[in-house]
Amino acid sequence: NAGVMQNPRHLVRRRGQEARLRCSPVKGHSHVYWYRQLPEEGLKFMVYLQKENIIDESGMPKERFSAEFPKEGPSILRIQQVVRGDSAAYFCASSPQGGIDTEAFFGQGTRLTVV
Amino acid sequence: GESVGLHLPTLSVQEGDNSIINCAYSNSASDYFIWYKQESGKGPQFIIDIRSNMDKRQGQRVTVLLNKTVKHLSLQIAATQPGDSAVYFCAEKSSGNTGKLIFGQGTTLQVKP
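Taken in order, these protein sequences are the chains called A and B. The first sequence: position 85 = 85 (the numbering used here), numbered continuously. Positions in the second sequence are counted from 1; adding 1000 to them yields the numbering used here.
The set of hints was computed from the structure by calculation and includes no laboratory data. Don't take every hint at face value.
Stated by the list, open to error - Pairs of lysine to aspartate or glutamate residues, derived as EDC-like cross-links and limited to a Cα-Cα distance of at most 20 Å, are as follows:
(1) A:K44 with B:D1031
(2) B:K1071 with A:E57
(3) A:K71 with A:D86
(4) B:K1071 with B:D1055
Extracted from the complex, chain B is given alone in its bound form (with noise of 0.2 Å):
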């Protein structure tokens, strides 16, 4: 069946440093993935996006990397602040869906000062 997960439930860095946050996921048909980043209190919001025939998409102070071999995704975000601090979801959609995203359980990020 389809599953998204995550690899660690808690992710500690030094203000400063680069997290990476990874995901894997079982569907082979999944065409889309995207990373969202949940606050406390508030909803997902969206981080970035990557399509399946793509390996990897930059945007600011963050980088997905997609290794459709090993069914992998990753978040890389560079040069981690305090606001950074929440937890990031790895959500997936197929083309054979409706639209709907399944999403991962969730890494927190926990950025030491």
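Bound conformation, chain A alone (with noise of 0.2 Å):
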């Protein structure tokens, strides 16, 4: 899990600004899942990519939210116009492919703190 970087690890936006998370799979990996945590919380699911493709959006928001996974460069979670309920712990997972018994790896999380 070490090997997944996201950044910033700390992001404080004014109501109304942007958000932009980035997360840096493993190596070699290129299937990249996004969670959110909320204050003493679980993780919940809200969008896997696999490179150039998003496979499943049914956690992500309706508005607002949007995710990509670009052929070159980091996975990106954007979130447009926060709102103080936007605050919580964004997480990236990665693995080498989607199969049911393969390993995720997390990232640190980024935590969002909007004022």
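Both chains are sitting in their own frames, so use the hints and assemble them into the complex.
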């Protein structure tokens, strides 16, 4: 799990601003998952991407949230016009493939605070 | 709907004792279960996993038990150490989904010296 790099570790945004969270997966991993964790809660799935494709976005809010995983570069989770309720820890996980028993490695997370 | 939940929010044990953390799940189609450990300010760390065709799996100081009849999962930690203090989450995957993990709420394990 040390191989998944997320930045920034902490991000403070004012209401209405945009937040961009970056995730560099373990080298060679082409599958990326984003999860959100509210205080005192478990992680909630948001989106699953494979290089250049969104495979499952069933956990993404319909508005203001988007994700991408380009051919080159990190995966980006973008939150437009942030609100206080977006304050949470956002975790990225990567795996070499998408099989059921393929271990996913998590990053250290980005803690977003909206003021 | 799918849900994975934990019975107790906090478990306090004496150093050296064994710990048992429980988890209930509702999706009978779940095929694969994982326990994660999350220390403060860090991401989840894989501990141990088990497939639905097994009822027990052992690792180093940890054992996972699966009871599919009552849809119950437990994590046993032997000789609990202060370094085991963390929040523990169970999570599940089913073959019908895309590999996403469904997490429970978490149990905080506190180890008293």
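Pair hint outcome, A:K71 versus A:D86 [Cα-Cα no greater than 20 Å]
Violated, at about 28 Å.
Hinted pair, alpha-carbon criterion (20 Å max): B:K1071, B:D1055. Please report holds or violated.
holds, 11 Å
For the pair supplied as a hint, A:K44 and B:D1031, is the alpha-carbon distance within the 20 Å limit?
The given pair, whose Cα atoms are some 19 Å apart, holds under the 20 Å limit.
Between B:K1071 and A:E57, is the straight-line Cα distance small enough, at 20 Å or below?
violated, 27 Å
Violated hints, in rising order: 2 and 3; the structure is consistent with all others.
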